[in-house]
Amino acid sequence: MTERPHLAVIGAGPAGLAATVAAAAHGLRVTLLDSAAQAGGQFYRQPADGLRARRPQALHHQWRTWERLRDALDAHVKAGHVRHLTDHHVWCVERGADGFTVHALLGPEQEEPVSVPADAVLLATGGYEKVLPFPGWTLPGVLTAGGAQAMLKGTLAVSGRTAVVAGTGPLLLPVAAGLAAAGVKVAALVESAGPRAFLRRTGALAAQPGKLAEGAGYAARLARHRVRLLGRHTVVEAHGAERGGSEPQGRSGGEGPSTRRPEGPGTARLSTPAVPGTAGLSTPAAAPGRRTTHMLAAVTVAALDAERRVRPGTQRRIPCDTLAVGHGMLAHTDLAESLGCRLEGTGVRVDDEQRTDVPGVWAAGETTGIGGAALALAEGHIAGRSVAARLHGHAPDPRTWAAAAKTRTRLRAFSAALDAVYAPPAHWAEQITDDTVVCRCEEVTAGAVREAVGELGAGDLRTVKLLTRAGMGWCQGRVCAPAVAGLAGCELTPSRRPFARPVPLGVLAHQHTHPTGRGSS
Amino acid sequence: MVVGAGMVGAACALYAARAGLDVVLVDRGPVAGGTTGAGEGNLLVSDKEPGPELDLALLSLRLWGELAGEFGTAVEYEAKGGVVVATSPASLAALGRFAAGQRAAGVVAEPVEGDALYGLEPHLAHGLPGAVHYPQDCQVMPALAAAHAVRASGARLLTGRTVTDVLRTPGGAVRGVRSDHGDLHAPAVVNAAGTWGAELASLAGTTLPVLPRRGFVLVTEPLPRRVRHKVYAADYVADVASDSAALQASPVVEGTAAGPVLIGASRERVGFDRSFSLPAVRALAAGATRLFPFLSDVRAVRAYLGFRPYLPDHLPAIGPDPRAPGLYHACGHEGAGIGLATGTGHLIAQALTARTPDLDLTPFRPDRFTEEAA
Numbered sequence: 007m008t009e010r011p012h013l014a015v016i017g018a019g020p021a022g023l024a025a026t027v028a029a030a031a032h033g034l035r036v037t038l039l040d041s042a043a044q045a046g047g048q049f050y051r052q053p054a055d056g057l058r059a060r061r062p063q064a065l066h067h068q069w070r071t072w073e074r075l076r077d078a079l080d081a082h083v084k085a086g087h088v089r090h091l092t093d094h095h096v097w098c099v100e101r102g103a104d105g106f107t108v109h110a111l112l113g114p115e116q117e118e119p120v121s122v123p124a125d126a127v128l129l130a131t132g133g134y135e136k137v138l139p140f141p142g143w144t145l146p147g148v149l150t151a152g153g154a155q156a157m158l159k160g161t162l163a164v165s166g167r168t169a170v171v172a173g174t175g176p177l178l179l180p181v182a183a184g185l186a187a188a189g190v191k192v193a194a195l196v197e198s199a200g201p202r203a204f205l206r207r208t209g210a211l212a213a214q215p216g217k218l219a220e221g222a223g224y225a226a227r228l229a230r231h232r233v234r235l236l237g238r239h240t241v242v243e244a245h246g247a248e249r250g251g252s253e254p255q256g257r258s259g260g261e262g263p264s265t266r267r268p269e270g271p272g273t274a275r276l277s278t279p280a281v282p283g284t285a286g287l288s289t290p291a292a293a294p295g296r297r298t299t300h301m302l303a304a305v306t307v308a309a310l311d312a313e314r315r316v317r318p319g320t321q322r323r324i325p326c327d328t329l330a331v332g333h334g335m336l337a338h339t340d341l342a343e344s345l346g347c348r349l350e351g352t353g354v355r356v357d358d359e360q361r362t363d364v365p366g367v368w369a370a371g372e373t374t375g376i377g378g379a380a381l382a383l384a385e386g387h388i389a390g391r392s393v394a395a396r397l398h399g400h401a402p403d404p405r406t407w408a409a410a411a412k413t414r415t416r417l418r419a420f421s422a423a424l425d426a427v428y429a430p431p432a433h434w435a436e437q438i439t440d441d442t443v444v445c446r447c448e449e450v451t452a453g454a455v456r457e458a459v460g461e462l463g464a465g466d467l468r469t470v471k472l473l474t475r476a477g478m479g480w481c482q483g484r485v486c487a488p489a490v491a492g493l494a495g496c497e498l499t500p501s502r503r504p505f506a507r508p509v510p511l512g513v514l515a516h517q518h519t520h521p522t523g524r525g526s527s
Numbered sequence: 114m115v116v117g118a119g120m121v122g123a124a125c126a127l128y129a130a131r132a133g134l135d136v137v138l139v140d141r142g143p144v145a146g147g148t149t150g151a152g153e154g155n156l157l158v159s160d161k162e163p164g165p166e167l168d169l170a171l172l173s174l175r176l177w178g179e180l181a182g183e184f185g186t187a188v189e190y191e192a193k194g195g196v197v198v199a200t201s202p203a204s205l206a207a208l209g210r211f212a213a214g215q216r217a218a219g220v221v222a223e224p225v226e227g228d229a230l231y232g233l234e235p236h237l238a239h240g241l242p243g244a245v246h247y248p249q250d251c252q253v254m255p256a257l258a259a260a261h262a263v264r265a266s267g268a269r270l271l272t273g274r275t276v277t278d279v280l281r282t283p284g285g286a287v288r289g290v291r292s293d294h295g296d297l298h299a300p301a302v303v304n305a306a307g308t309w310g311a312e313l314a315s316l317a318g319t320t321l322p323v324l325p326r327r328g329f330v331l332v333t334e335p336l337p338r339r340v341r342h343k344v345y346a347a348d349y350v351a352d353v354a355s356d357s358a359a360l361q362a363s364p365v366v367e368g369t370a371a372g373p374v375l376i377g378a379s380r381e382r383v384g385f386d387r388s389f390s391l392p393a394v395r396a397l398a399a400g401a402t403r404l405f406p407f408l409s410d411v412r413a414v415r416a417y418l419g420f421r422p423y424l425p426d427h428l429p430a431i432g433p434d435p436r437a438p439g440l441y442h443a444c445g446h447e448g449a450g451i452g453l454a455t456g457t458g459h460l461i462a463q464a465l466t467a468r469t470p471d472l473d474l475t476p477f478r479p480d481r482f483t484e485e486a487a
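As given, the protein sequences belong to chains A and B, one line each in that order.
Taking this note's numbering, the leading residue of the first sequence gets 7, the next gets one more, and so forth.
Taking this note's numbering, the leading residue of the second sequence gets 114, the next gets one more, and so forth.
The set of hints was computed from the structure by calculation and includes no laboratory data.
Treat the hints loosely; a few may be bogus.
[Unchecked claim] Among chain A residues calculated to face chain B with C-beta under 7 Å, some are:
hint, residue
1, Gly460
2, Thr469
3, Leu473
4, Leu498
5, Ser501
6, Pro504
7, Pro510
8, Leu514
[Claimed, not checked] Examples of chain B residues lying across from chain A (beta carbon under 8 Å, computed):
hint, residue
9, Ala130
10, Gly133
11, Ala396
12, Ser409
13, Val411
14, Val414
Predicted model only: the values in this text are computed from it and were never measured.
A virtual CB, placed ideally from N, CA and C, is assigned to each residue, including glycine.
Produce the complete structure using the sequences and hints provided.
Shown next, in the form of structure tokens:
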């Protein structure tokens with residue numbers, strides 16, 4: 007019997023799982039690599055076993071879909087067609103003359119190298135949260151919205167007692183609802199788009215009764231918890247107070263602690279943490295040289311006018327000890343770019359079969375553009391079917407995935423409509439004071455970025471980085487690039503990051519002296 | 114009119130302005146957007162054999178010292194010195210002969226062996242036979258240096274403008290450039306377009322055979338300073354002078370003021386191919402960990418690439434082009450453009466103001482290749 011062709015799937019979220027199951031069901035051997043300890047990705051994040059959650063499904067919708075995927079994956083693993091490699095941190099995919107080599111780092115310290123050869127690769131690397139800075143955003147107590155949600159799903163614990171949820175995007179509603187359900191007092195949900203715009207029944211939005219019901223459901227839950235909904239509002243500043251004290255300190259906490267090297271390696275966790283406790287935008291544990299620790303004590307919010315500019319005189323203060331903030335999502339495209347895949351906007355460009363323009367490389371889910379879990383499932387399914395057919399030497403018949411294709415079309419239109427609704431305040435960069443730190447790894451202020459553009463001749467993200475060091479640190483600009491682009495008035499171009507995560511020089515050196523068979527071009 | 118806002122163009126603008134000229138600096142991208150932004154900022158004499166390039170390097174280093182006094186810490190200038198390490202007794206002997214020649218040409222080159230070597234660089238691999246210490250080698254942060262030189266020049270900076278043609282009089286003299294934002298007139302045009310200098314030369318109806326030689330630089334996570342000098346193996350000199358198209362990767366290892374260790378750079382002739390090459394960075398990592406074993410446990414956080422502009426005889430083109438009166442060339446410095454920029458700018462300014470240049474420009478004549486071809 008000839009051996010099944012071998013597909014490597016990178017990422018075990020909705021897209022990667024759907025692809026793995028579809029590909030294995032159609033005659034492929036699949037290696038599924040993921041950095042987490044369990045399958046599910048960010049969307050189906052599971053509480054650690056040790057926590058013995060009684061009703062984890064209470065935190066998730068589409069629990070049925072997840073159970074079906076998980077059971078199918080287990081069956082394929084048992085049958086020997088799927089190998090699920092957990093705690094594998096992929097740092098590069100190498101293309102060679104006779105296939106691909108996926109290079110990963112294993113173990114808690116990410117030091118042990120693992121190489122997986124494959125005939126084809128499917129990138130399902132997901133997305134990460136975009137956060138735009140504002141004065142005070144580096145204070146302890148400020149988290150990403152996704153980070154807050156991850157803590158709810160992963161550890162069933164929350165850090166604060168009074169929270170404000172702010173920013174823009176469809177993630178804010180479930181985060182606010184989740185926090186409220188977990189017993190946190192949610193003082194306000196501050197959305198820079200108008201909530202009525204979200205619920206208006208027009209075009210693609212009207213074609214999504216399920217999604218609208220979902221939104222209305224959250225809204226009802228928020229109403230039950232008496233959460234104030236502040237549509238067309240924005241947070242203009244976060245205020246700190248000395249730990250235990252009550253005197254607000256303005257934005258003196260702006261010079262936040264260094265994030266030069268988080269407590270564990272791994273870049274993604276700065277925005278979408280894999281480990282509880284590192285979810286924050288701030289790292290209170292690592293505050294060398296600071297005499298006093300300021301904690302979040304309040305935020306100032308302001309209304310936006312019809313042009314989405316801050317309306318003067320509308321500022322008001324809301325006391326809180328937790329601020330969960332997010333401004334939408336960005337695609338993880340590092341692996342795709344190193345492979346030479348063309349991007350479209352900020353996502354990987356794919357055709358109707360989810361193929362990238364590099365032969366042998368498919369992509370599905372958020373990495374091709376942000377669209378949510380249901381879209382990722384459809385894309386993953388199509389990708390898995392397509393790879394299976396292509397690796398068996400024939401063109402796939404799209405009629406076999408007609409239902410998934412229909413879902414894909416519908417949800418892509420829906421997410422395009424959402425993009426039009428959700429947007430950060432116009433001219434948000436004007437609200438950022440010169441002393442606000444925008445790149446936390448290298449502690450670069452907004453003033454330094456403005457000087458590089460205005461006086462030193464920088465014109466794009468790369469030269470701003472060269473002249474200020476913004477984006478040169480541990481996270482390689484994944485967190486600060488949107489902010490720097492906004493401040494510099496230049497386009498948010500994906501910067502090239504050959505290493506999807508930091509890799510020990512010893513690992514590279516060893517591969518020089520002991521080359522692996524594939525991917526040696 | 115200087116075309117190209119990299120380090121060489123910035124230095125040309127600075128010295129021309131200081132010679133009393135009214136300067137316009139044009140670039141299709143931002144300041145330092147090309148090879149300057151992808152460089153390490155090496156100001157080296159250690160890798161140069163006696164000859165015109167070394168003379169230019171010595172002049173340039175003196176000028177860099179003056180600029181450093183002016184710009185202060187803003188350009189991260191460090192007179193850290195270089196240490197060239199021999200990896201075998203045979204290479205030590207060859208290195209000794211090379212250094213003796215350099216000393217005769219005015220370079221400070223001090224042989225170091227045994228404990229003295231580990232006194233200079235405590236974390237070097239054990240058992241190395243010896244090295245030569247070059248205290249004159251220095252470092253700057255190239256993008257910052259270019260940006261501050263442009264600002265200090267007071268030149269009118271026009272970024273985001275692509276030169277589409279070189280304007281000439283009926284008699285053939287250069288009178289300015291045409292850009293995608295309109296014509297810009299000037300009686301003298303300096304080609305400081307670096308790796309893209311051949312394109313500009315051809316727009317002016319002349320030729321300059323500048324070609325790209327790709328290099329990768331590896332950057333580690335920030336560390337406390339453990340590598341004190343620019344440290345490289347003696348094989349590096351042979352790599353620099355090599356005419357081979359194949360990958361060469363004896364790395365220069367150095368710590369930086371900001372913390373990361375830079376490991377650069379590979380050399381290969383693959384045209385303007387921007388794709389990432391794992392073999393190139395693996396070779397760099399292998400060379401670096403051989404010199405400094407502690408680096409094995411240090412993480413590379415990024416790698417970037419650039420294209421060095423090289424000419425067939427590995428010397429830059431500096432000076433007026435007799436084939437196109439009014440056109441001056443200042444490009445083709447290969448991997449040494451940051452180091453040689455100040456001397457180049459100074460010599461160009463002297464040529465523009467019809468003064469006798471401090472160095473004989475004959476070896477750098479831009480039309481030297483056409484004669485060979487004929």
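Structure-based check of all given hints:
1. Gly460: For glycine 460(A), the interface hint is violated, since the closest Cβ of chain B sits about 11 Å away, which is over 7 Å.
2. Thr469: At 4 Å from the nearest chain B Cβ, threonine 469(A) passes the 7 Å test, so the hint holds.
3. Leu473: Since chain B brings a Cβ to about 6 Å from leucine 473(A), closer than 7 Å, the hint holds.
4. Leu498: violated, 16 Å
5. Ser501: violated, 9 Å
6. Pro504: holds, 4 Å
7. Pro510: Result: holds, 5 Å to nearest chain B Cβ.
8. Leu514: This hint holds: leucine 514(A) lies near chain B, its Cβ roughly 4 Å from the closest one there, short of 7 Å.
9. Ala130: Alanine 130(B) check fails; min Cβ-Cβ to chain A is 15 Å, beyond 8 Å.
10. Gly133: With a closest approach of 23 Å, the glycine 133(B) hint is violated.
11. Ala396: At 6 Å from the nearest chain A Cβ, alanine 396(B) passes the 8 Å test, so the hint holds.
12. Ser409: Check passed: Cβ of serine 409(B) comes within 3 Å of chain A, closer than 8 Å.
13. Val411: Since chain A brings a Cβ to about 6 Å from valine 411(B), closer than 8 Å, the hint holds.
14. Val414: With a minimum Cβ separation of about 5 Å from chain A (threshold 8 Å), the hint on valine 414(B) holds.
When each numbered hint is compared with the structure, violations occur for hints 1, 4, 5, 9 and 10.
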